[in-house]
Each structure stands twice: as structure tokens, then as C-alpha cells.
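K.L.:
Letter by letter, the chains look like this.
There are 2 protein chains.
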Amino acid sequence: MAQKPSIPKGTRDFSPIEVSKRNYIVDTIKSKFQNFGFQPIETPSFENSATLMGKYGDEGDRLIFKILNSGDFLKKVDDTTYAEKDSLVMTPKISEKALRYDLTVPFARYVVQHQNEIDFPFKRYQIQPVWRADRPQKGRFREFYQCDADVVGSKSLFQEVDFIQLYDSVFTALNLDGTTIKMNNRKVLSGFAEVIGASDKLIDFTVALDKLDKIGEENVKEEMLTKGISEEAISKIQPIFNVSGSFSDKIETVKSILESSEIGMEGIKELEFIQEAISQLPLQTATLDLDITLARGLNYYTGAIFEVSAPEGVSMGSIGGGGRYDDLTGIFGLKDMSGVGISFGLDRIYLVLEELNKFPDTVSENTKVLFVNFGETEALYAMQAIKKLRANGVSAELYPDKKKMGKQFDYANKRNIPFVVVAGETEIANDLLALKSMKTGEQEDVSLQTLITKMS
Amino acid sequence: MAQKPSIPKGTRDFSPIEVSKRNYIVDTIKSKFQNFGFQPIETPSFENSATLMGKYGDEGDRLIFKILNSGDFLKKVDDTTYAEKDSLVMTPKISEKALRYDLTVPFARYVVQHQNEIDFPFKRYQIQPVWRADRPQKGRFREFYQCDADVVGSKSLFQEVDFIQLYDSVFTALNLDGTTIKMNNRKVLSGFAEVIGASDKLIDFTVALDKLDKIGEENVKEEMLTKGISEEAISKIQPIFNVSGSFSDKIETVKSILESSEIGMEGIKELEFIQEAISQLPLQTATLDLDITLARGLNYYTGAIFEVSAPEGVSMGSIGGGGRYDDLTGIFGLKDMSGVGISFGLDRIYLVLEELNKFPDTVSENTKVLFVNFGETEALYAMQAIKKLRANGVSAELYPDKKKMGKQFDYANKRNIPFVVVAGETEIANDLLALKSMKTGEQEDVSLQTLITKMS
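If you read the protein sequences in the order shown, they are chains C and D.
In this text, residue positions in the first sequence follow the working numbering: the first is 1, and each later residue adds one.
In this text, residue positions in the second sequence follow the working numbering: the first is 1, and each later residue adds one.
Only chain C is shown next, with the shape it has when bound in the complex (with noise of 0.2 Å):
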């Protein structure tokens, strides 16, 4: 019996008009990396299970996707081991591969593995699919891509300035005006922990910090109350939870709590240099903005914290993010080696465009013209002209049968095919052909050069 066909939960079937759509998106992204000097990798889809194991904490660990080895794969488990029949011991006995979880560690591994070949600073891109085991949800997949820019070996803040000018490129070129950049720093978020005495608790600190937007000021003060941060300790922080006003207003309060730390000024010169570069360099339709809250994924980040908002109004989280790491190759014995990166968020960028209705309609388009089939004889004299459009760098067909013509203009319809070429006994014994808009309905008897100037 035939199997009625489905594929695994979080993974999708992209249409046409929907890879159309998504290479927009991506070919954009794509064109402003190498505008501004990123150059591609690429990475193989499944690594070697100790590369990735251990780098995204025990929950990253358990969503790794695991390839059975190849064979008897039962074969080399012991005996002992395998009477245990528990799946944690079993798994490194019985798979040696995993498919990628994100882009970042393949890429450290790739410097490293490489690092005698590379000319440092490195500038590279990479937009290829990941893989997580993760529940799927609205907009949260199995399989999705990835878009990242980063440049290792340089700890110039030039690099945070230049990423900056990338998002807006980036989404001034897609149309999409008024995102917010968000930017903080790793140094900022110590330099408060410093201040209140809480350096050990920095995460539980930050954890709670990250939630004011949503759980408002009281639940953020809770949750530091219960990580054992006391009363008079976020005191002393009482004014970063009313920061408002402009990048430099905010500045200026961060500043005088900061005042103490030397990590936390060193934070703020930071900020401030980036801030005065970015003025220098006015954006076309981002807005830069402080976000003193913004922690994502802070055990990673060591300076610079970027996060992009769509633009008001649109309900969406973060349609990018990045930051600066000072030791992202370290886990493979390559010490030293700053990096700084951003990715975007192609599926969410998808979502907010087609709720913009941000896409040009130039995105669906495909075949511009398809010839009616009358037979053998007025099929072959179409396709001589379809030889000649094509060569033209039109994009032309031929309908394959000879079915009715309703037919065949109903497939140039469904198809969004805009004009259709009729070819039969009377054209060909004129050397013409009847061409006919399907928007407008008119129709016209053209020569073939005439075909292709008004096609091109």
C-alpha cells in the first residue's frame, strides 16, 4: 500500500513563491556582507559529536541532533555497557556525529583547524542551515537557517562600529525602515555587579535585569530578592531602572552609578566611542539605541551586546543579535583571538516582511512568457523564438501539450505567467506572433524582434 506522505514535525516544505521570497531575503543579506568586505565559508552539515558536546550547556547537549554510526554500530558496544540500557551511557557508544546546532562553534573549529591558511583579521559569512531537537512551535523550527557575520583577530571597536552600518545596510536595503539597534555591554553589566557587590552573582543579576521590559520593575527587584541580592545593594542601582531619554541621556546616568568600576567605565568609553563613530556615520533608517537590560547570552559576550528590533508596531522579537567574545576558539586551543559577529534572523525577517507587505513584487515573478501549444509543427516554430528570448535572458516556455487553449491560459494564470505568445497556422505564415498581456487582456501580432525588445 502507498504511504501517505508527511515529513518530521518542526521541518517545512519551502513552495516556490516561498524560496523565492527566502532568496530574496538571503541574496540581500548576501550582497551586503561582501559589500562590506565578508567573504563565505562553509561548513559540512554533521561534525564530530566531541566538537559540539559540551558547548552549548546539558540543555544545548540534548538537543544536538545524533547520527546513528553506519553498520553494526552495536557491535562495538561492550556487553556490560549495554546490559545498563540506559540512552545518556548508550549514545557515544552508538553515534560519533552530530548535526550542527549553530554556526559558531563550526566556525571556531574552522579557524583553528585552519588557522595556518586564514589571513587574520578574518572576515567572514556564513548562511547555512542548523539543526535543534528543540518542541517546535509558532515561528521556533527543527531546521532553520542561520545568517552570520563575524570578524576574529581584532579587538578594534571599528569592527562593532562597522557591524552597526551592516544592520542598517541590511535593512534599509530590504525596505524595512525603522529598526531599533540595541546595543549594551557585557562591561556595563559587571561593572553594576561590582557596584552592588554582586560580582558572583552576575548571571542571576543579569537573568533578572533582561526580564524589566517584560515583568516590569517590582518582579525584576523580586527575582534579585530571592537570588540573594539584598534590599540595599539594588539601592544603589535605583536609577537604571527609570534610564530614559536619548543614547547620551542614558550615558549619563549609567555613568554616575558606574563611577566606582573599572570594568564599568571601561564598559561605558566603549559605548561612548561607538556612539560618536555611529554620529559621524549617520544610519539611513536604524536608530541606535541603548539598552542597559539587553544580556543575551551573556557567558558568551565580553564587550558589545547588539539586539535589532523589527519596527514598531510589528509584534516580533529580535530580527538579529550579536555580539563581541574574547575567546570563542579557546575551547580549541587557540587562545587569544577576539571575535565579534552579528546573525539575523532570516525566518522572523520573513515573517515581518510579509506582514509589512514589504516584498517586491518582483519576487513572485518567474516564467514572463509561456507559448500556447498547438501541435508538433507550431511547437517547434515556438520554441525557435523561445531559443531566441531565452538567449535574451528572458525567461520563456512552452506549454508541453496540445491541450485546449483555455487550458493552457488557465496554467499561465495560476502560473502568475504575465503574458502568453499564441503561435498557430496564420501567425507562422506571416512570420508573426500573437502576443497577449494577461493583465491587460490586449493583444497584439508582433515579429519576433519586436518580441524581444518588449520582452527584455
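Please note that the accuracy of each hint is not assured.
As a list, the in silico DSS-like pairs of lysine-lysine whose alpha-carbon atoms are at most 30 Å apart [said to hold, decoys possible]:
1. D:Lys21 with C:Lys30
2. C:Lys388 with C:Lys403
3. C:Lys387 with C:Lys404
4. C:Lys138 with D:Lys75
5. D:Lys387 with C:Lys155
6. D:Lys214 with D:Lys255
7. C:Lys439 with C:Lys368
8. C:Lys387 with D:Lys30
9. D:Lys155 with C:Lys403
10. C:Lys155 with D:Lys403
11. C:Lys368 with C:Lys454
12. D:Lys388 with D:Lys439
13. C:Lys93 with D:Lys75
14. D:Lys75 with C:Lys85
15. C:Lys269 with D:Lys387
16. C:Lys335 with D:Lys404
17. D:Lys21 with C:Lys21
18. C:Lys76 with D:Lys403
19. C:Lys404 with C:Lys368
20. C:Lys402 with D:Lys155
21. D:Lys55 with D:Lys155
22. D:Lys30 with C:Lys21
23. C:Lys407 with D:Lys155
Calculated from the structure, these hints are not laboratory results.
Model the placement of chain D on the given structure of chain C, informed by the hints.
P.N.:
Below, chain D alone, put in the same frame as chain C:
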């Protein structure tokens, strides 16, 4: 201790220049696919195991990469089954998903699953990686891309004509003159078997005949004899061992053998129709040839069979192949859906272009202008110019750190960046930029506007 990084055998990292070269090929193929009216789809990297298993024979099943179920996968295995410790029995219990093995079966699954949204005939292309647990060897990888174009829902031979045109267009665009598109027809092969009374031995017969090029006439006959085809039978088709001359000459020879076979003569008619159409739509750089030994996946194809060989002098297997299959979607319950398609061998085309030195020089271009970094003030001045260059489509970047000039020029050299701009105190004072060509060594002071004009 840090891990020494490596990747799984049979997989590859692609460096910037390799990605650029691969993209050049893929973009060329993609643009011709679209030019011919094909539309892109994408399917998930992994499918339900039931979708893939049993579709590629026992060997295929073995070579499919299986994904281990997430969580406590052993919990679902009953103790009796577990006690067997049999990998084959265990596999379906602990793995429900598998990486796709080719693009054809997922395409068939897609067509059946989405049949109500698709406008037939459906012309789709798909360019995605596939995975096979094959023993890696020179030119054979465990992860590689397939580039496929297929039409389903039409029996018209104009499809075959169009695919030949498509091959010719792609290889012409890749500047790869002198390819040979070899064509055969399954019905002709069936005809041979019928004529010699060995219809039940069709596969044995064609597998042997397919080797004529490699092992020669005597050995082919030897193999046929071992398979139980009598000497008398073989003598009836003696002329096929010496088919030569033009396409038409060959057709005549084959026709004389097949006169008594209805199916054989049907194959001849199809070949003649296609040849006649191609003679009226002359190919640009490829040659269409008849190769009556060509069998390629015989169980699969029901009509035309294609295979493309690289220009003479390049020792390389086929760089493309395809054919017509009358019942692809039947395995998923959709009958009478004839399809025909072709595939491009990306890795082999890459090797051929490399060997013949046919990659255009532009393929290695990345950043066009590097700005030397003399410190903060100069860098900001440079960034203003870089921003304008980028806005004009010129790929430009700032060397991120203030390092010795020599080191910065060295970086430009290694990165293959053709121009360097020096803007120090003097240049800034005069509102100029010193432009140096890395090729000629020439240097001149230019205004920003002149620089933009020169670089665009």
C-alpha cells in the same frame, strides 16, 4: 585539554575561494533553470525514515544516514527486542528520521503531498545537499550537492528537447565547450532484449552492455553468456557492438535490428523526434550523440536516458545525467504522473573547470579597496569614504587596527585586494585620498568622487 579539531571523514570545509567558485557554478545553473521556466522548491534535510527506506535497494538503505531519536530513546525498545542486540532490528526502534539520500524521492514525496496546490505540469528545480554513508574516496563524499531540474505531469517529448537545450545553455554559459550529451532510450534496450528472446534478462543484458566502453566487446559477450544469454541470441544483435557514424547512421543500424519489436521501434521513434527537433534548434557548444549502451539506473527510467561527458581530453566520469520515469510518484500513491529530469554534477563540473582553467578571474574578487588604518581620526575619515563607496556598490573595508603599513599592505596582498587607499594627516588636510594599485604599484591622489568613479 583543548581538542584537536577535525571534521568527519568524507565531509569538507569550503574556504572563501572554494565557496566563490562553487557559487559561480550554482548561480549559473540556477539562472538557466529560471530562464527555462523552472521554479525552486526546498525540502527538509531529514525525512521520516519510512519515506526513504526501501526506495534505493538494500545497498541504498544501508547507506542512508539515520538520526537517533531524541531523549530516552532506549525506553521504547521492549526487552525481548533489546536482548537480540541486532543492529538491523534495533535501527527502526531508535531512529525515525534519516538524512535525504537524493533529491528525487523527496521531490516525489513533495509532489504527492502538495498535489492540490501544484499547477501541473510542474517544472521544479532543487539545489540542496544530500548525504550517503559511502566509503569516501577521491571525488566521492559523504555530503555533496545535487542540482536537479524535473518536470512532472506531461508526456510531451518537447520536455526532452528542452532538457537538451538546457544542458547546452548551462555548459555554454560555463564556457565549457565541447561537451557531449549522450542519449539512449529504455525502450530501445527493451527492444534488444525482446529481439533476442531475453526480455526476462533485461537487467543482466543492459548491465553487461553498459560496460562496452570499459571492457570491450569480447568481455561483454562473455558476461552475457554467463548470465544465460545464448551465443545465438547474441549474434542476432551483433551490429550493436559496432554502431558508429553520425546520430542518423546509428539510428539506421539499430532500426534494422529492432524492426520486429514494437517497443523497440517506439524507442526509435522517440529518438528520431528528439534528434529532428534538435537539428532545427541547433545546440551552441554541445553535441548530441546516440549511445545505445547507456543504461544509468535502468530500473528507474522508462524512456529517454541522458548522460553528459566532459570535453574530450578531460578524464572525468559523467558531469550530468537524467531521463524519463513514468511512475515516480506511484510509491506515494499518485499514479500516472510521468516525469523527466536532469541533474548536474557540481563537484565534477568544479574539477573540470579547474583542470581547464575555465573559472573567470572575477570569481576570486572580494574586497576591492582596503583603507589603511593610521589611528582613530584617520580611521573615521576613511570610514566616511568607505560608506560612500559601499553605497555605490563598491566592496570596501578598513584595516581594523593601527598596525605597521607593511603589515596592512601585506594583508591586502594576501587577500587579493587590488587597491589600497592611504589617508593620513596630509591627505585629510587636502581632502584627498592616496590610491595605490597593488598590481601596478602606481599611486595617485584623488578626490572621493574620483575614487568612486574609478572603482565603480
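K.L.:
Would the pair Lys76 (chain C) and Lys403 (chain D) pass a check requiring their Cα atoms to be no farther apart than 30 Å?
P.N.:
The given pair, whose Cα atoms are some 54 Å apart, is violated under the 30 Å limit.
K.L.:
Holds or violated: are the alpha carbons of Lys387 (chain C) and Lys404 (chain C) at most 30 Å from each other?
P.N.:
Measuring from Cα to Cα gives roughly 24 Å; hence the hint holds.
K.L.:
Tell me if the straight-line CA distance from Lys269 (chain C) to Lys387 (chain D) falls inside 30 Å.
P.N.:
holds (24 Å)
K.L.:
With the threshold set at 30 Å, check whether the alpha-carbon distance from Lys21 (chain D) to Lys30 (chain C) stays at or below it.
P.N.:
Within the cut-off at roughly 15 Å; holds.
K.L.:
Within a Cα-Cα threshold of 30 Å, do Lys407 (chain C) and Lys155 (chain D) meet the stated pairing?
P.N.:
With Cα atoms ~16 Å apart, Lys407 (chain C) and Lys155 (chain D) stay inside 30 Å; holds.
K.L.:
Given the hinted pair Lys335 (chain C) and Lys404 (chain D), is their Cα-Cα distance within 30 Å?
P.N.:
The hint holds at about 23 Å.
K.L.:
Checking one constraint from the list: CA of Lys214 (chain D) to CA of Lys255 (chain D), max 30 Å. Satisfied?
P.N.:
Distance ~25 Å between Lys214 (chain D) and Lys255 (chain D) Cα, so the pair holds.
K.L.:
Starting from Lys93 (chain C), check that the Cα of Lys75 (chain D) is at most 30 Å away, please.
P.N.:
holds (17 Å)
K.L.:
Would the hint linking Lys21 (chain D) and Lys21 (chain C) be met if the CA-CA limit is 30 Å?
P.N.:
Roughly 25 Å separates the two Cα atoms, so the pair holds.
K.L.:
Lys387 (chain C) and Lys30 (chain D): Cα distance at most 30 Å?
P.N.:
holds (17 Å)
K.L.:
Against the 30 Å threshold, does the CA-CA distance of Lys368 (chain C) and Lys454 (chain C) hold or violate the hint?
P.N.:
Holds, at about 11 Å.
K.L.:
With a cut-off of 30 Å on the C-alpha distance, tell me whether Lys55 (chain D) and Lys155 (chain D) pass.
P.N.:
holds (23 Å)
When the structure is compared with the earlier hints, a violation turns up for hint 18 alone.
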